[in-house]
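Novice: Chains A and B, in that order, give the protein sequences. So in our numbering, spot 3 of the first sequence is number 3, and the numbers just go up one at a time. So in our numbering, spot 7 of the second sequence is number 7, and the numbers just go up one at a time.
For the record, the hints were derived by calculation from the structure and aren't laboratory data. Quantities reported herein were computed from a predicted structural model and do not represent experimental measurements. Just so you know, even glycine gets a beta-carbon here, dropped at the ideal spot from N, CA and C. A couple of the hints might just be wrong.
Claimed, not checked - Example chain A residues on the side facing chain B (calculated, C-beta under 8 Å, incomplete):
| hint | residue |
| --- | --- |
| 1 | Gly43 |
| 2 | Leu44 |
| 3 | Leu46 |
| 4 | Ala87 |
| 5 | Phe90 |
| 6 | Asn98 |
| 7 | Leu100 |
| 8 | Phe102 |
| 9 | Gly105 |
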Amino acid sequence: AQSVTQPDIHITVSEGASLELRCNYSYGATPYLFWYVQSPGQGLQLLLKYFSGDTLVQGIKGFEAEFKRSQSSFNLRKPSVHWSDAAEYFCARRGDGNKLVFGAGTILRVKS
Amino acid sequence: EAQVTQNPRYLITVTGKKLTVTCSQNMNHEYMSWYRQDPGLGLRQIYYSMNVEVTDKGDVPEGYKVSRKEKRNFPLILESPSPNQTSLYFCASSPRQGGNEQFFGPGTRLTVL
Chain A
1 AQSVTQPDIH ITVSEGASLE LRCNYSYGAT PYLFWYVQSP GQGLQLLLKY FSGDTLVQGI
61 KGFEAEFKRS QSSFNLRKPS VHWSDAAEYF CARRGDGNKL VFGAGTILRV KS
Chain B
1 EAQVTQNPRY LITVTGKKLT VTCSQNMNHE YMSWYRQDPG LGLRQIYYSM NVEVTDKGDV
61 PEGYKVSRKE KRNFPLILES PSPNQTSLYF CASSPRQGGN EQFFGPGTRL TVL
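Bound conformation, chain B alone:
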C-alpha cells in the first residue's frame, strides 16, 4: 500500500530533550516536506527536500533540523525542544515539483512540557 508513515504518533517530552520524528514514504517520491498544524493557523511548512541531500527552509524552520540521506526517509529533529513547539506535525511527499498532489502522513502530536 502506498503510504507515508510517521513515528511516533504521540510524544510527550520535556524542554531541552532532543527528539527525532521519523517519516518514511514507499512511493519513490523526490519531494518531501514537514508541516506543523496549529489552531487558527492551518498548516505551515517547516522544511522541505527536493531530493536526496537537498533540503531547504520553509516558513517556520527555527528550532528544527532535517536530513535526507535516503530517498524514502526524511526525519525531523528537534535538538532542544521548547513548549512553543507543541503542535501537530505532518510529513508529506509528492512525485516531483509541478503542483502534483502531496500525500500526507497520519501526523505526530508532540507535547513539550
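If we strip away everything but chain A, and leave its shape as in the complex, we get:
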C-alpha cells in the first residue's frame, strides 16, 4: 500500500541553525511528492512539490527538498531557520484517485 513515513515526531532547532526533516515514501511508480506546512490554528499551505525532472526542488519561504529514488526519500531542508518556521510539517504523496497520502507529521520547535 502507498504510504509515507516521517520518522521524527518532534524536532527542536535553534534559530539560525539548519534544518532537515525526513520523509520516506513507499515503493511505487515515480511518485508525486509534496511538503505542506500547518501553522497553529491554520490550514495547510503547500511549500513545494516534485513531479519529475530536477531532483532538487525549491519552494516558498526558503525551503528546498531533494528527491532520492534510491533511498525512497524526499527530505525537506532549510539552511537557516527562523522562529516563524515553528509549525507542523507534513510530507505527502499522491495516491489512488488523486488523493494525498500523508505522513504523520513532524512538529518543529525553534528555540531562540
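Use these hints to put chain B onto chain A, whose structure you have.
Specialist: Just chain B, lined up with the frame of chain A:
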C-alpha cells in the same frame, strides 16, 4: 481571492445529532475531497469527488456522507455523530486529476460529546 471556505470553523455537538459541514471553492476545480486530521495519524481521506454527481469513498468513510450537486460545493454530513468522530476536518480542491496541488480550507474543529 481564490480560496476554499469551510463552515463552521468550530462545532461542539452531542452524540446522534445530525450535522453538516459546508465546503465551497471559487476556483472552478473539478476535484474536491474531505480529510480528517488526528494526532499521530496525519490526514486521512474520508470521501472525494471527481466532478458533479461523482463521489467515492476514501480511506475512512464510515459514519460520513457527502454530496456534490454543484461544482463549487461539497458538504460533509454526519448523520449520527459519535465521539470517535471528534477531529479536525479539512476540505480540499484541485483543478484535475494528475497530481496537481490541492488547496486546503482552514479546517473545522469538531467535538462530539
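Novice: Can we keep the Gly43 (chain A) interface hint, with Cβ of chain B closer than 8 Å?
Specialist: 4 Å, holds
Novice: Quick check on Gly105 (chain A) please, does its C-beta sit within 8 Å of some C-beta on chain B?
Specialist: It holds, given that the least Cβ distance between Gly105 (chain A) and chain B is near 5 Å, below 8 Å.
Novice: When the nearest CB of chain B is found for Phe90 (chain A), is that gap smaller than 8 Å?
Specialist: Holds: closest Cβ of chain B sits about 6 Å from Phe90 (chain A), inside 8 Å.
Novice: Does Asn98 (chain A) pass the interface check with chain B, least Cβ-Cβ distance below 8 Å?
Specialist: Interface hint status for Asn98 (chain A): holds (5 Å vs cutoff 8 Å).
Novice: Identify whether the interface hint at Ala87 (chain A) stands, where standing means a beta carbon of chain B within less than 8 Å of its own.
Specialist: 14 Å, violated
Novice: Under 8 Å, Cβ to Cβ, is where Leu44 (chain A) needs to be relative to chain B, so tell me if that hint holds or is violated.
Specialist: Hint on Leu44 (chain A): holds, closest Cβ of chain B at ~4 Å, below 8 Å.
Novice: Leu100 (chain A) was flagged as interface toward chain B. Is the shortest Cβ-Cβ separation under 8 Å?
Specialist: Leu100 (chain A) check passes; min Cβ-Cβ to chain B is 6 Å, inside 8 Å.
Novice: Does the CB of Phe102 (chain A) sit less than 8 Å away from some CB of chain B?
Specialist: Result: holds, 4 Å to nearest chain B Cβ.
Novice: At a threshold of 8 Å, is the proposed contact between Leu46 (chain A) and chain B supported by beta-carbon distances?
Specialist: 5 Å, holds
This entry does not satisfy hint 4, going by the numbered hints stated previously; all others are met.
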